[in-house]
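Engineer: Below, each chain spelled out in residue letters.
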Amino acid sequence: MTTEALPNTDPSAESAALQQARENNRAALDVTVDKTVGQPFVENPKISTRHVHVFYGDKPAIKDISLDIGRNQVLAMIGPSGCGKSTFLRCLNRMNDTIPTCRVEGDFRLDGEDIYAPGQDPVLLRSRVGMVFQKPNPFPKSIYDNVAYGVRLHGLAKNRAELDEIVEKSLRRAGLFDEVKDDLHKPGTGLSGGQQQRLCIARTIAIDPEVILMDEPTSALDPIATALIEELMIELSENYTIAIVTHSMQQAARVSNRTAYFHMGKLVEVNDTDRIFTTPQHPLTENYITGRFG
Amino acid sequence: MKNHQEKIRNSLKKRHARERRFRLYGLLSVSVSILFLLLLLTDIVSKGLPAFTETRIKLDITLDPQQLGLGDHPDRDALFHANYSRLITETLKKMFPDAKTRKQRRDLKQLVSKSAAYDLRDAVLANPSLLGTTQSFWFLAKDDVDQYMKGRIDRTLPESQRRLKDYQLAWIDRLLAENRLEKRFNKTFFTASDSREPEQAGIRGAFVGSVLTLLVTLALSFPIGVLAAIYLEEFAPQNNRWVDLIEVNINNLAAVPSIVFGLLGLAVFIGFFGVPRSAPLAGGLVLTLMTLPTIIITSRAVIKAVPQSIREAALALGASKTQVAFGHVLPLALPGILTGTIIGMAQALGETAPLLLIGMVAFVADVPHGIFDPSTALPVQIFLWADSPERAFVERTSAAIIVLLTFLIAMNGLAVFMRKKYEKKW
Amino acid sequence: MDTLPLVLTVGLLALAGFFAGKHKARLASTQVRSHSRPHYHGYLVALWTLIPALLVVMVWSFASESVITRLVVAELPARIQQMPASEKSLFTNEFKNLANEIDVKKHIPTEAIKSSDSTAVAYQAAQRYIQLTRLSQQLKAAVTLSLAALLIWFTLHRVQPQLKARNSVETIIKGLMIVSASIAILTTVGIVFSVLFEALAFFRHVPPGEFLFGTHWSPQTAIRADQVGGSGSFGAIPLLTGTLLISAIALVVAVPLGLFSAIYLAEYASPGIRTVAKPVMEVLAGIPTVVYGFFAALTVAPFIRETAESFGISASSESALAAGLVMGIMIIPFVSSLSDDVISAVPAILRDGSYALGATKSETIRKVVIPAALPGIVGGVLLAASRAIGETMIVVMAAGLAAKLTLNPLDSVTTITTQIVTLLTGDQAFDSPKTLAAFALGLGLFVVTLTLNILSLHVVRKYREQYE
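Chains as they are written, first to last, in my numbering: chain A, 102 to 395; chain B, -8 to 417; chain C, 101 to 568.
Isolated chain A, as found in the complex:
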């Protein structure tokens, strides 16, 4: 919207709403976010990151982000599409290693241990930092084999009985056992979307990771399935550290302890979820959570 398009060209006569919109647009385009506001760092973090840069080829996707994830907490990452929140999440268990053009810089620590150290084994790291994806991706195997997959890979069960126990426990914790206990040997791909996603969560917790990363885990699901998964996240946060990327601010408000707002590859603001949704400090954050753009 431009001034010339308006019948009245006197700036003082502009409506308040228009002025607001003009300011929002300017703010949205103004990417001079020099410093993250709020509290990006916590005491005794599970994961801490400093000065993270990520490039796809020559194109920067993340610029200088520093952020901590607290122990047994849920951190929600919100922001408009393409803001780099998923890319950041995938750095935390080195999933970006599988993309040849992707280059990651910066300092990442899990319990003080360098994630990107030369001696660090991504296989071991990923067994400690699990991940749940946007689209449910059960393997084309039975429900049982899906859950047992990681356990078998890492040789975590001594015998069949122990494996059965782990599978049942994981499915129970994912709230799926009662629904599938008679169909354990049917293909996992035959379940509904919500059930598939809970199966993927069961698969992840079967190997007992320390951190679970969730990349928009409910965006492909209906509201009822979403509610079930959100409940599950809150339950899981008792034992696990969780980082979740979400499109839905309501979801962030419901499940997380802290919320980080990303904008065009930068981290704008981090704070306790209550504070960020009630008293955002950065105008970009405020515009986003009040729904002025997104």
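Take the hints with a grain of salt, since some may be wrong.
[Unchecked claim] Pulled a few chain C residues facing chain A out of the computed Cβ check, cut under 8 angstroms:
#1 Ile449
#2 Asp452
#3 Gly453
#4 Tyr455
#5 Ala456
#6 Leu457
#7 Gly458
#8 Ala459
#9 Thr460
#10 Glu463
[Claimed, not checked] Beta-carbon label-pair distances, calculated as ranges:
#11 Asn508(C) with Pro219(A): 35 to 43 angstroms
#12 Val352(C) with Ser37(B): 25 to 33 angstroms
#13 Glu144(A) with Lys(-2)(B): 28 to 36 angstroms
#14 Arg151(A) with Ile400(B): 53 to 61 angstroms
#15 Glu409(C) with Gly142(B): 48 to 56 angstroms
#16 Gly372(C) with Arg0(B): 33 to 41 angstroms
#17 Ser37(B) with Leu171(C): 55 to 63 angstroms
#18 Tyr413(B) with His257(C): 39 to 47 angstroms
#19 Gln314(B) with Pro371(C): 42 to 50 angstroms
#20 Val352(C) with Gly213(A): 50 to 58 angstroms
The set of hints was computed from the structure by calculation and includes no laboratory data.
Even for Gly, the Cβ is constructed at its ideal location relative to N, Cα and C.
Based on these hints, arrange chains B and C on the given structure of chain A.
Structural biologist: Frame of chain A, contents of chains B and C only:
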């Protein structure tokens, strides 16, 4: 939790070793395939390259009319039927008086090829005034001499295990010392047709046969393939049983063994329609049926890729469906269709089995003049020579393979070039 | 006039018709608005000339030989008329060959004519045959050309502004297109009928049970009843085991190498290696099979024999191993390119799911990617098996002719395709059990490969639907 990590950490070494092994298997598989290709090509090139040279022997022949059994004023017919091979034999005997036994004398004759007599005859016919003079001629050497000159006969072997005996080697040594032996570019290989004598055998007949066969194939399969592809993409009704049947048939025919097409050709084209056996026409008909699926499948893909908007624009201007298909879609799809056709022709050029069954395997010493003449084809010639016991045919076979592969590479290269040049991203 | 110049003349006439039609239509449309543009009138004239005239040439050319043969045979002396059918057909072949020799090579075998009475008769028949053939050629040319001229005159006469020339041309073209597309069906029908009829004729001589379950194959039949050599035996089991042995060796080579190559190229290789290695492997598929056969027979087979002998094992110089190995290498690109396609089609989120659980790359490939791609890979292997079973040149050149019932890869075995070629390239009367046996084998080959192809297409299509 710590317990888990310990377990995982302990298993890692083994798992990473397995990972490296797995990756190595993959690399090895690719390398084996590529190595095999290199091995095959080196083997054939090293066997075949010597065939591009031939050995010639210089003989000084006195064209004595008396010895030729000619009168004072011989007519053309007498010149034609005169005994030239005796003249050559006598010359050789004079040069090598040490050939005493009958076997040695026979072997002496075997220094030069049988074609020497014809060469001499042609020279005299072209210029009868040569009679009575002494002339030097470079005659084609027999295959054994040729093989020796190319180092294929090991003279350190005991005499009984060699194709050439000691006295023959002595003759060759003397010829060499007198500069009467020379290796030259092998023109015979490209200008002659099949022969029972390795040194006289060439690929011209087979090559012309292949060209004629491919012309028939191209003349039939290109228009039929294009018409069929246009019909199936632009006109065929959806969910029509006949059209479905056509599609199923095209896909299946693409994978039917080539020899079955040979049986079809034998029973239907030769047995039923009376197409002459061994003729390029029969070969072309069979190869047409074999290449049609390739051409139709690739042409359909190209036609499908022409955007719908072009058809709609033309239809909106009042063009009929046929005008759109032939005036707008076909010209845009043509480069792609031609690429597919070239690849189909390359396949047809290398095809052997069906041609064996329709009789193109016969010994044909003449160059075919038309699509009804008995003929053979390049790959069949390779098969025939590969079956021959003479060692000298091995290098001719390899050389023929080199020629065949050169054509295939050229055709495929042209296809790749055209694809690169005309590739369109709509 | 020969056929080729005749066809060219007809083509020229049609071209002339095109211009004449176009010209006439243009003149006519100066006064009245024409329905179709002038060149459509030209096309209509040309097509109406070309198609019927070429049909006449085709039918005449195909029919004339058998008609002339029948005429000549009818004039033969009664002595020959009374001969049994097989001898009569031999005699027919003889005089046809003679005619061919006289006609093409201008060579008159004078000494042969004097030698015996029967060749003299054949010579006369050949002369008559040539005479009739020439007459037929002349008649054909006359009929075709006058028909073409008549058609041009007639269609030109019809050129008028009201004539819907474009619609007529389009109808003709559409008809041509349907005929072209239907050739695929005709081909299949032709294959089925040609092998089926001859195979049925074969089963009148040899019971199907003996053919399918007999373990002895020796097709050398006596040509005349008084000859020794017996009636030959046609038990196809040794051919089947030979074919399966060689195909199995080929698949044992091709499936692991092809599959691992595909995995390496799809999952591990850098883009640079991929762009070089993939086309190089495709070259393996483009080399003619006769070249592989030559390599198998002259390089690989002697190498295997010498190697085996250096270990003190006796090996045939036409071992199944040599043919199978080389065939396996030839099939690698089929397996690898088909596997490559299906492996690349496995969605990336499945791989991510596995990596996120701490799987290594090879664990992900073995436990997630391959099981997910399995139907497609199986389809590719079935297609490769069909190729191996139907492959001809490699086995004709490198495998043996002796039908042995053995599973020893160093021994020499024979295959279905080898026998088809051997049976049909000898000099035999066309309807002897020996040549008919080739068609029975061809029928078996066609049925087996067709089943494998259909199965493979079905499996692959189901797999595609799963991820689309």
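Engineer: Indicate, hint by hint, whether the structure satisfies it.
Structural biologist: For each hint, the structure was consulted:
1. Because the beta carbon of Ile449(C) sits about 4 angstroms from the nearest beta carbon in chain A, less than 8 angstroms, this interface hint is met.
2. A hinted interface residue such as Asp452(C) counts as satisfied when its beta carbon comes closer than 8 angstroms to some beta carbon of chain A; here the least separation is about 6 angstroms, so the hint holds.
3. The restraint placing Gly453(C) at the interface with chain A holds, with a minimum CB-CB distance near 4 angstroms, inside the 8 angstroms limit.
4. For Tyr455(C), the interface hint holds, since its Cβ comes within 8 angstroms of a Cβ in chain A; the closest pair sits about 6 angstroms apart.
5. At about 4 angstroms, the closest approach between the beta carbon of Ala456(C) and any beta carbon in chain A falls short of 8 angstroms, and the interface hint on this residue holds.
6. The beta carbon of Leu457(C) comes within 4 angstroms of a beta carbon in chain A, closer than 8 angstroms, and the hint placing it at the interface holds.
7. At its closest, the beta carbon of Gly458(C) sits 4 angstroms from a beta carbon of chain A; the interface hint therefore holds under the 8 angstroms criterion.
8. For Ala459(C), the shortest C-beta to C-beta distance to chain A is roughly 5 angstroms, which falls under 8 angstroms, so the interface hint holds.
9. Taking 8 angstroms as the C-beta cut-off, the interface hint given for Thr460(C) holds, the closest approach to chain A being about 6 angstroms.
10. Because the smallest distance between the Cβ of Glu463(C) and any Cβ of chain A comes to about 6 angstroms, under 8 angstroms, the interface hint for this residue holds.
11. For the pair Asn508(C) and Pro219(A), the supplied restraint of 35 to 43 angstroms is violated, since their beta-carbon distance comes to about 54 angstroms.
12. Remark: the range hint 25 to 33 angstroms for Val352(C) to Ser37(B) is upheld by a beta-carbon distance near 29 angstroms.
13. Distance hint check for Glu144(A) and Lys(-2)(B): the Cβ-Cβ separation is about 31 angstroms, which falls inside the suggested range of 28 to 36 angstroms.
14. Range check, Arg151(A) to Ile400(B): Cβ separation about 57 angstroms, and the 53 to 61 angstroms hint holds.
15. In this structure, Glu409(C) and Gly142(B) break the distance hint of 48 to 56 angstroms, their C-beta atoms being roughly 26 angstroms apart.
16. At roughly 35 angstroms, the beta carbons of Gly372(C) and Arg0(B) sit within the given window of 33 to 41 angstroms.
17. Checking the proposed 55 to 63 angstroms range against Ser37(B) and Leu171(C) shows it holds: the Cβ atoms sit about 58 angstroms from each other.
18. Separation of Tyr413(B) from His257(C) is about 45 angstroms and conforms to the stated range, judged on CB atoms against 39 to 47 angstroms.
19. Checking the proposed 42 to 50 angstroms range against Gln314(B) and Pro371(C) shows it holds: the Cβ atoms sit about 44 angstroms from each other.
20. Between Val352(C) and Gly213(A), the C-beta spacing of about 53 angstroms keeps the proposed range 50 to 58 angstroms intact.
Of the numbered hints stated above, those contradicted by the structure are hints 11 and 15, listed in ascending order.
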